[in-house]
Amino acid sequence: MEREEVIQLIKSARQQGKVPNLGKADLRSADLHGVDLRGVHLAGANLSGANLSKANLLRTNLTGANLSQANLVEARLHGANLTEANLSGADLTGDRMETANLSGANLHQAHLRHAILRAARLNGAILTETNLQSSDLSKAILDGANLRRANLRDARLIETDLSGAVLPEANLNKADLTKAKLSGANVNATNLREANLYQANIAKTDLTKTFLWAAQLNEAILTEVNLQGVDLHKTNLQGANLSGANLQKTQLVSNDLSGANLKGADLRSADLSDANLNNANLSEANLHDARVTEDQLSHARTLSGATMPNGTKHPLDPATGDQPGGKRKPDVNRLAEAAARLRKKSE
Numbered sequence: 013m014e015r016e017e018v019i020q021l022i023k024s025a026r027q028q029g030k031v032p033n034l035g036k037a038d039l040r041s042a043d044l045h046g047v048d049l050r051g052v053h054l055a056g057a058n059l060s061g062a063n064l065s066k067a068n069l070l071r072t073n074l075t076g077a078n079l080s081q082a083n084l085v086e087a088r089l090h091g092a093n094l095t096e097a098n099l100s101g102a103d104l105t106g107d108r109m110e111t112a113n114l115s116g117a118n119l120h121q122a123h124l125r126h127a128i129l130r131a132a133r134l135n136g137a138i139l140t141e142t143n144l145q146s147s148d149l150s151k152a153i154l155d156g157a158n159l160r161r162a163n164l165r166d167a168r169l170i171e172t173d174l175s176g177a178v179l180p181e182a183n184l185n186k187a188d189l190t191k192a193k194l195s196g197a198n199v200n201a202t203n204l205r206e207a208n209l210y211q212a213n214i215a216k217t218d219l220t221k222t223f224l225w226a227a228q229l230n231e232a233i234l235t236e237v238n239l240q241g242v243d244l245h246k247t248n249l250q251g252a253n254l255s256g257a258n259l260q261k262t263q264l265v266s267n268d269l270s271g272a273n274l275k276g277a278d279l280r281s282a283d284l285s286d287a288n289l290n291n292a293n294l295s296e297a298n299l300h301d302a303r304v305t306e307d308q309l310s311h312a313r314t315l316s317g318a319t320m321p322n323g324t325k326h327p328l329d330p331a332t333g334d335q336p337g338g339k340r341k342p343d344v345n346r347l348a349e350a351a352a353r354l355r356k357k358s359e
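When we follow our numbering, the leftmost residue of the sequence shown carries the number 13, and every step to the right adds one.
Watch out, some of these pointers could steer you wrong.
[To be verified] List time: in silico SDA-like cross-link candidates among lysine to any residue, alpha-carbon distance up to 25 Å:
id: 1; residue 1: LYS66; residue 2: GLY106
id: 2; residue 1: LYS23; residue 2: VAL47
id: 3; residue 1: LYS261; residue 2: ASP243
id: 4; residue 1: LYS325; residue 2: SER270
id: 5; residue 1: LYS23; residue 2: GLY51
id: 6; residue 1: LYS221; residue 2: GLN145
[What the hints assert, rightly or not] Computed beta-carbon distance windows for the label pairs:
id: 7; residue 1: GLY241; residue 2: GLU181; range: 14 to 24 Å
id: 8; residue 1: THR220; residue 2: ASN291; range: 25 to 35 Å
id: 9; residue 1: ASN291; residue 2: LYS246; range: 49 to 59 Å
id: 10; residue 1: GLY46; residue 2: SER266; range: 48 to 58 Å
None of these hints come from the bench; they were simulated from the model. Beta carbons are placed, not taken as given, at the ideal position from N, Cα and C, and that holds for glycine.
Work out the full structure, taking the sequences as your base and the hints as a guide.
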């Protein structure tokens, strides 16, 4: 179909109060630059190689459409339905795609630099080798998405759901992942250097081959993560929850672990030289053969039940009543006081 034919069809349908229907239309290499396609039904249409730059595709139905190699630079795709659409190699630079549905879409090697994808649905989408540098994916849903070798440098991923996402060799250098969900994600050889992971949830994730140099992990949820042998040089772990984490032979030199929860963490042979352990919870932690001084440990909030660097067991803390397994001894004095108060009320 030619450009004028498409414009006339849309105009005619709208005048009749109908939804313009171009479903399964052959629009290969069509010039639709700047055309108003708002709300048009384009499900299953073939738009491969088409010029849709600056087109208005607000809330347009593009389910299953073929947009491979299409030019969509600065197009408006806010709220568009692109479920299972083929966008491989498409140029979406600077596009506004807030709340768009891209579930299961193929965006292999697509260009999305500076694109705005806030609150977009990308669960199960293919984003392999996709350029998302400086894009905004805040609050987007990417659970189960394949982002292998994707470029997300300087991207905004605030409160983004990346649970179970595939991220091997992806570049997230200096990305903002504040409060993001990464639990169960595949981050093998993922570059998270200097990334902001403040309060991010990375629980039960294998981070052994992840690059985390100078990353901000303060107050992050890192329960039961595997960080064995990882170089965490200059990484901020202030207030992080590392309970049950595997930190064997991990490089924690000069790290800020103040206020961190390391309860039950495995720190055998870890290098904690000059690390800040002020107010850290090291109860039940295993510090056998760890490189750490008595002075450093003296600033910890508790060492109750911890295995010390020399292999000895630290006594249980009488102040907290901590016992192995996270149990607490009953506070006899408090129980007696409570019983006395109850007796006084009944009199």
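Mind listing which of the numbered hints don't hold for this structure, in increasing order? The structure conflicts with hint 9 only, although it agrees with all the remaining ones.
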